[in-house]
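Top to bottom, those sequences are chains D and L.
Going by this note's numbering, 135 is the number at position 135 of the first sequence; the sequence numbering is gapless.
Going by this note's numbering, 1067 is the number at position 67 of the second sequence; the sequence numbering is gapless.
Be aware that a few hints might be false.
Cross-link-like lysine to any residue pairs, in silico, SDA-like; alpha carbons within 25 Å at most [unchecked claim]:
| # | chain 1 | residue 1 | chain 2 | residue 2 |
| --- | --- | --- | --- | --- |
| 1 | D | K73 | L | R1112 |
| 2 | L | K1197 | L | E1180 |
| 3 | D | K122 | L | T1140 |
| 4 | D | K43 | D | E129 |
| 5 | L | K1172 | D | R84 |
| 6 | L | K1125 | D | S30 |
| 7 | L | K1105 | D | G68 |
| 8 | L | K1177 | D | R84 |
| 9 | D | K44 | D | G68 |
| 10 | D | K122 | L | K1107 |
| 11 | D | K122 | L | I1160 |
| 12 | L | K1101 | D | K57 |
| 13 | D | K57 | L | I1160 |
| 14 | D | K122 | L | L1149 |
| 15 | D | K43 | L | R1114 |
| 16 | D | K43 | L | E1180 |
| 17 | L | K1106 | L | T1209 |
Cβ-to-Cβ under 10 Å is the rule here; a few derived chain D residues that face chain L [claimed, not checked]:
| # | residue |
| --- | --- |
| 18 | T61 |
| 19 | V77 |
| 20 | A118 |
No lab work stands behind these hints, which were simulated from the structure alone.
Beta carbons are placed, not taken as given, at the ideal position from N, Cα and C, and that holds for glycine.
Listed below are the residues making up each chain.
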Amino acid sequence: MCMKKKRKKTKKMDKLTLHFIPFERFINLSSDDKTSTILEYTKKGKIIIIESYLDPKEQATLITNVMGNIDGKYSGVEMISFTRKDFQKDNSFYVRLRNAAIDLLSGKKAGLTIVGPANIVKKIERNPEMIMLSIK
Amino acid sequence: MSKQSFFSRFISAFKIFFKRKKKLALGIYGPTNAGKTTLANKISMDWTGEEVGAVSRIPHETRRVQNKENVLVEWEGKKLVINLIDTPGIATRVDYEDFIKFKLKKKESQERAREATQGIIEAIKWLDNMECVLAVMDATKNPLTQVNLTILGNLEARGIPVIIVANKIDLKKANLKRIESAFPQYTVVGISAKDGKNIEGLYKAIFDTA
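The shape of chain D in the complex, shown without the other chains:
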């Protein structure tokens, strides 16, 4: 019985795939296209890692669109979106200057976004040092 349970768990983990969207492919999309892309992936049960930060208004638009799509099968998403700065403890002049230069080049979008469907991802949690993703 115990073995059976263990096998089942392994099988579930085997199916987990993470889809990666590079910065260049995502940054040129409009806010609407960004949220539709995320919706499309998560409605298909896929977890995506985007090499870009979603700004707060895009995050709110995503939540609004996700809510509008919730039904018996789709129960929403778990997500996290952050910039490089969110994990930096060093706030020296040099670091701030370097950040400003990177922001200037990337349009303040340098960061990472992880979004997964709520029926697969139980929780994505961030503490000051790391990100933890729990699977159902």
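Following the hints, complete the assembly by docking chain L onto the known chain D.
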């Protein structure tokens, strides 16, 4: 003095009284079960003697934006008229099966989930109407959640003043310092909306921010 003249004098005095005071659209935002409606009730009870809405341990009890208009708050000789706006808890997921765990029937749970999703959309739309926001967080939980970050980011992007309310400080697990160190750029006030602990500190912060 005739009755009419007394009445008109009363009306004009009333108008002047309210004209002189600043009227503030004060929103209460946060994730589900952070204690937003408990806080709205506490503020409203303190100054009007009436509650704003029902509270429950089941998430998404508040599924519509609810208002309490013209709440006159007085603090150290200053007066402020508040439109208190209690909003549904923001979430990125709503699963009707979560309500079944609280022994709600399937149909009731599905209806609650449907209303909750609409409530979240409504709460986000209302962000533009706010002049000051109390961002309520559960002090017993990790504050670095996407919902908290999205709320704060959107308020900052709109230039809306915000006070972080670290609620439930009456509980043993509460960790006010964790919230303060996660958001050092914000005013953080630790309170217990349930028993009123440090509610005066919150009124002071509202007057300082408004």
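Results for each hint:
no., hint, result
1, D:K73 <-> L:R1112, "holds, 16 Å"
2, L:K1197 <-> L:E1180, "holds, 18 Å"
3, D:K122 <-> L:T1140, "holds, 19 Å"
4, D:K43 <-> D:E129, "violated, 30 Å"
5, L:K1172 <-> D:R84, "violated, 34 Å"
6, L:K1125 <-> D:S30, "holds, 20 Å"
7, L:K1105 <-> D:G68, "holds, 23 Å"
8, L:K1177 <-> D:R84, "holds, 23 Å"
9, D:K44 <-> D:G68, "holds, 16 Å"
10, D:K122 <-> L:K1107, "holds, 24 Å"
11, D:K122 <-> L:I1160, "violated, 32 Å"
12, L:K1101 <-> D:K57, "violated, 33 Å"
13, D:K57 <-> L:I1160, "holds, 14 Å"
14, D:K122 <-> L:L1149, "holds, 19 Å"
15, D:K43 <-> L:R1114, "holds, 18 Å"
16, D:K43 <-> L:E1180, "violated, 36 Å"
17, L:K1106 <-> L:T1209, "violated, 45 Å"
18, T61, "holds, 9 Å"
19, V77, "holds, 5 Å"
20, A118, "holds, 4 Å"
Violated hints, listed in ascending order, are 4, 5, 11, 12, 16, 17; each of the other numbered hints is respected by the structure.
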